[in-house]
Amino acid sequence: MDARLNYLAGPTAGPILKHFMAAGKGFKASALPAATQELVALRVSQINGCAVCVDMHTKDAAAAGETALRLNLVAVWREATVFTEAERAALELAEQGTRVADGAGGVGDEAWARAAEHYDEEQLTALVLLVSFMNAVNRLNIIARQPAGDYQPGQFH
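Residue numbers for the sequence shown follow our numbering, beginning at 1382 and rising by one.
Heads up, a few of these hints could be off.
To be verified - With a cut-off of at most 30 Å between alpha-carbon atoms, the simulated DSS-like pairs for lysine-lysine come out as follows:
#1 K1399 x K1409
#2 K1399 x K1440
#3 K1406 x K1440
#4 K1409 x K1440
To be verified - Using C-beta positions, here's what the derived DEER-type ranges look like:
#5 H1400 x T1506: 32 to 38 Å
#6 P1396 x I1523: 31 to 37 Å
#7 N1387 x V1463: 17 to 23 Å
#8 T1462 x D1483: 22 to 28 Å
Treat the hints as calculated values from the structure; they're not laboratory data.
All figures in this text were calculated on a predicted structure; none of them were measured in a lab.
Backbone N, C-alpha and C define an ideal beta-carbon position, used for all residues, glycine too.
All chains, please: the whole structure from these sequences, using the hints.
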């Protein structure tokens, strides 16, 4: 399977996407815990059906020490006992922020309040930006049908 587009090769898209992806690297330096970042990125990508991002974030999280058990249970986090209350709040916010087109009304006040119990304003800002960033990247990859499976941990960092 080949991608429909090579974004980085184009004279317009290449420079834009280099800046865009560089912005994504900024999350690594944010106050949002790294494990939470990977779990959120993985969950958003699962919801959107972005195979290349699921591949990337599963492998990056595993390389950073995340357990296979937790990675396998991200899709069913509500029923799983392996996530902290803070992680659960972040995953809930991520789901609601991703499913805005499903008629759910965006992020509800209760979900926001649960996240705010565990994360300060800087971390919440990083979380909202990460959810938004992942949704954009997922769409770029899905539209171009970027193939999954060959990603090596840390390849884009």
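**Report entry** Violations among the numbered hints
**Finding:** Hints 5, 6, 7 contradicted; others consistent.
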